[in-house]
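J.: Using the hints, position chain B against chain A.
2 protein chains.
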Amino acid sequence: MSELIEKAKNVKAASYLLANLSSTVKNDGLAKMAELLLENEELILTANRKDVENYQIKNNNKALIDRLTLTPKRIKEMADSLYTLISLPDPIGEVLSMWKRPNGLTIGQKRVPIGVIGIIYEARPNVTVDAAGLCLKSGNAVLLKGGSEAIHSNSAIIGVLKEAFRSSGIPEGAVELIESTNRETTLEMMKLNQYIDVLIPRGGAGLIQTVVQHATVPVIETGTGNCHVYVCEDADIEMAENIIVNAKTSRPAVCNAAETLLVDERIAERFLPHAIEILRNKGVEIRGCEKVQAIVSDVTTATEEDWSTEYLDYILAVKVVRNIDEAIAHINQYGTGHSEAIITSGYDHSQKFLQEVDAAAVYVNASTRFTDGAEFGFGAEIGISNQKLHARGPVGLKELTTVKYIIFGNGQIRE
Amino acid sequence: MSELIEKAKNVKAASYLLANLSSTVKNDGLAKMAELLLENEELILTANRKDVENYQIKNNNKALIDRLTLTPKRIKEMADSLYTLISLPDPIGEVLSMWKRPNGLTIGQKRVPIGVIGIIYEARPNVTVDAAGLCLKSGNAVLLKGGSEAIHSNSAIIGVLKEAFRSSGIPEGAVELIESTNRETTLEMMKLNQYIDVLIPRGGAGLIQTVVQHATVPVIETGTGNCHVYVCEDADIEMAENIIVNAKTSRPAVCNAAETLLVDERIAERFLPHAIEILRNKGVEIRGCEKVQAIVSDVTTATEEDWSTEYLDYILAVKVVRNIDEAIAHINQYGTGHSEAIITSGYDHSQKFLQEVDAAAVYVNASTRFTDGAEFGFGAEIGISNQKLHARGPVGLKELTTVKYIIFGNGQIRE
Numbered sequence: 491m492s493e494l495i496e497k498a499k500n501v502k503a504a505s506y507l508l509a510n511l512s513s514t515v516k517n518d519g520l521a522k523m524a525e526l527l528l529e530n531e532e533l534i535l536t537a538n539r540k541d542v543e544n545y546q547i548k549n550n551n552k553a554l555i556d557r558l559t560l561t562p563k564r565i566k567e568m569a570d571s572l573y574t575l576i577s578l579p580d581p582i583g584e585v586l587s588m589w590k591r592p593n594g595l596t597i598g599q600k601r602v603p604i605g606v607i608g609i610i611y612e613a614r615p616n617v618t619v620d621a622a623g624l625c626l627k628s629g630n631a632v633l634l635k636g637g638s639e640a641i642h643s644n645s646a647i648i649g650v651l652k653e654a655f656r657s658s659g660i661p662e663g664a665v666e667l668i669e670s671t672n673r674e675t676t677l678e679m680m681k682l683n684q685y686i687d688v689l690i691p692r693g694g695a696g697l698i699q700t701v702v703q704h705a706t707v708p709v710i711e712t713g714t715g716n717c718h719v720y721v722c723e724d725a726d727i728e729m730a731e732n733i734i735v736n737a738k739t740s741r742p743a744v745c746n747a748a749e750t751l752l753v754d755e756r757i758a759e760r761f762l763p764h765a766i767e768i769l770r771n772k773g774v775e776i777r778g779c780e781k782v783q784a785i786v787s788d789v790t791t792a793t794e795e796d797w798s799t800e801y802l803d804y805i806l807a808v809k810v811v812r813n814i815d816e817a818i819a820h821i822n823q824y825g826t827g828h829s830e831a832i833i834t835s836g837y838d839h840s841q842k843f844l845q846e847v848d849a850a851a852v853y854v855n856a857s858t859r860f861t862d863g864a865e866f867g868f869g870a871e872i873g874i875s876n877q878k879l880h881a882r883g884p885v886g887l888k889e890l891t892t893v894k895y896i897i898f899g900n901g902q903i904r905e
Numbered sequence: 491m492s493e494l495i496e497k498a499k500n501v502k503a504a505s506y507l508l509a510n511l512s513s514t515v516k517n518d519g520l521a522k523m524a525e526l527l528l529e530n531e532e533l534i535l536t537a538n539r540k541d542v543e544n545y546q547i548k549n550n551n552k553a554l555i556d557r558l559t560l561t562p563k564r565i566k567e568m569a570d571s572l573y574t575l576i577s578l579p580d581p582i583g584e585v586l587s588m589w590k591r592p593n594g595l596t597i598g599q600k601r602v603p604i605g606v607i608g609i610i611y612e613a614r615p616n617v618t619v620d621a622a623g624l625c626l627k628s629g630n631a632v633l634l635k636g637g638s639e640a641i642h643s644n645s646a647i648i649g650v651l652k653e654a655f656r657s658s659g660i661p662e663g664a665v666e667l668i669e670s671t672n673r674e675t676t677l678e679m680m681k682l683n684q685y686i687d688v689l690i691p692r693g694g695a696g697l698i699q700t701v702v703q704h705a706t707v708p709v710i711e712t713g714t715g716n717c718h719v720y721v722c723e724d725a726d727i728e729m730a731e732n733i734i735v736n737a738k739t740s741r742p743a744v745c746n747a748a749e750t751l752l753v754d755e756r757i758a759e760r761f762l763p764h765a766i767e768i769l770r771n772k773g774v775e776i777r778g779c780e781k782v783q784a785i786v787s788d789v790t791t792a793t794e795e796d797w798s799t800e801y802l803d804y805i806l807a808v809k810v811v812r813n814i815d816e817a818i819a820h821i822n823q824y825g826t827g828h829s830e831a832i833i834t835s836g837y838d839h840s841q842k843f844l845q846e847v848d849a850a851a852v853y854v855n856a857s858t859r860f861t862d863g864a865e866f867g868f869g870a871e872i873g874i875s876n877q878k879l880h881a882r883g884p885v886g887l888k889e890l891t892t893v894k895y896i897i898f899g900n901g902q903i904r905e
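Chains A and B, in that order, are what the protein sequence lines are. Each residue of the first sequence is one higher than the last, beginning at 491 in the numbering used here. Each residue of the second sequence is one higher than the last, beginning at 491 in the numbering used here.
Isolated chain A (complex conformation):
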């Protein structure tokens, strides 16, 4: 039996046991995970140094090295994220509703774990801990396939987590890491419908699209955010400036950062010159439509491609629109359905935007940067879904559950 199938079977078997664990056992397990991660800091850092050195021999992608590298501070953050999970309510077992039918059957809809979650991710060892923690708290078993660059770090971490499980009465198969680093194994994992209930890719657009294209296991697609801020004709100009600066520059590399600014033509001349100046002072490159260029002459031309690009960088596309209808149409055409904001003082404009924009999170007078599990008050999350099936927006503990109908009869048969 291949490593993949053997581990998939372990995880599947463990999933039935996990579904029945009490909150106390799960929380004790999370605490033990945190404790042992801190205790084994040196072991984990040693393994991580091996990964970083191996990577650096042949490559020099600084962003990747940064994501790959662990430090005592990062290990402390991993442990902290587990303590946060302990403090969150256990989603499992809640009966969402229960009703009685005319024939006497009582039907309840109960929240239960999904079962087995497969996570395919890049060279970020912290995801190993995040995913294991979220899945344990939500009663799911998890099969992990991390980036090959992080294999030693991940193996060391998984060893520690399994030790925590052993000493907490949690089945060890609750988490398994696929150590094989060949691409065929990953592709095979995407088609293991027999063992895996849902796949969640975590990483860049390339990884996510590979999973969407090849998986037969249902996928929760996360992360692509081509987000817009629309400055309506009646916007408070100072508020609009603050919000676009925040949405673009507070953390450009994340999915809830703004990529395009839309400005109503009735406010463009008053708003754009100063807004562009502030953005440029923050290091943002502006690419604009002709109307933008007519107002601020030295702006580069935005092409059709710019409207659909998630820069994840200090670049902002800017377009002047005739009215709110054009703004909404632009967003619905080019956006990825992630986070969209309007800045307005008009009631009708706010209502129209909230109603007609098709996205996971639609904001009035706030930065798109708030689309995040912690900011929404959900605590931890495994990503932001911008698909419509199952989970839309932050994927937290509740979104890692499904329902089961429980039906209480006393001999009912159907006529």
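Honestly, I wouldn't trust all of these hints.
[Unchecked claim] Across the chosen pairs, the derived CB separations fall in these ranges: (1) A:Tyr837 with B:Ala503: 35 to 43 Å; (2) A:Gln699 with B:Gly649: 36 to 44 Å; (3) A:Lys590 with B:Thr791: 39 to 47 Å; (4) B:Lys552 with A:Trp589: 54 to 62 Å; (5) B:Arg812 with A:Thr574: 41 to 49 Å; (6) A:Pro579 with B:Gly649: 49 to 57 Å.
These are calculated hints, taken from the structure and not from any lab test. We put the beta carbon where it would ideally sit given N, CA and C, even for glycine.
T.: Same frame as chain A, but now just chain B:
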């Protein structure tokens, strides 16, 4: 532009308008659909006769001919199903919860349509009306691909539905039928992530598996039901007999019919001889394990394959199990996660079964046949999902929706 892309674009464009229709407009549209279907009965029946005749020239699958053939009674039933939809509450616009964050942001979770639903189905013209009605009521646009055998019937029905939409202020693109009957078009449709938000295959296991294997659009998998009835050691024998007879024979061809009977060894000798006699009198072929054969000598041997087979026929696999643990393990191994029942008088047994069986619907002392939108009190449904993502159990109006976060700020930016 191909027919597929052109119609997919129409449907996508219509979906934005549909999301904003009031319940009144949608209900008026449903009434008009029903009215015009009845008025155009002759036109539809004529088209249907052409389909049936074309099919009969080369084939003689009686079940297919039965499903394909329309009658005045069936058209009346289609119209009635639309009137049922009018009577159901509109799921759209409900704000499921709304809360305020420490920074003053107010966040609401609002129920909205999914957008565009693609339905791939077999030669059942009634699905054309069911799907169009459910999607309209839930604010979704729908792209239909029906079985080629029903093409004239479906075209006639769609013509009538579009006329109803025109006269009700509903965009005509709210429903489109792909008339091309080649397989490549269907495969292409399964990968139209740009235009289609979810695919729902309706039909046999072969169709569903084809969609699961080839689709990149998220799929709601419906319909495969290898359902079990477990007669516990402490069951009321008469109740158990009534339930297994009902679960197996009231409608063997549907997904919530029982396929395997599990009997505790402590009750097997008292229960099996009479139960098997009744089942056989109803025309059921029994295939049993060795222990069953030891009790009722002329039972055919059940093979490993029998335990995983959805017969959809007058055949029942029967297995004697040591205890409830073996019953639950058997169900979780061989079942398809659809509908599972225990017959017991024991509190602990009922609780254990409800907790540990991993299925969409778990019954105590009732027939598996109740897993159905109408029986659950949801009204209409488009199928029974036995996947865990998004919808599990009957897929009714609520399951054809997603959520959108609406966020009310007054200038908040993220630190």
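J.: A separate judgement is required for each hint: does it hold in the structure or not?
T.: Right, here's what the structure says about each hint:
no. : hint                               : verdict
1   : A:Tyr837 with B:Ala503: 35 to 43 Å : violated, 27 Å
2   : A:Gln699 with B:Gly649: 36 to 44 Å : holds, 39 Å
3   : A:Lys590 with B:Thr791: 39 to 47 Å : holds, 43 Å
4   : B:Lys552 with A:Trp589: 54 to 62 Å : violated, 40 Å
5   : B:Arg812 with A:Thr574: 41 to 49 Å : holds, 44 Å
6   : A:Pro579 with B:Gly649: 49 to 57 Å : holds, 53 Å
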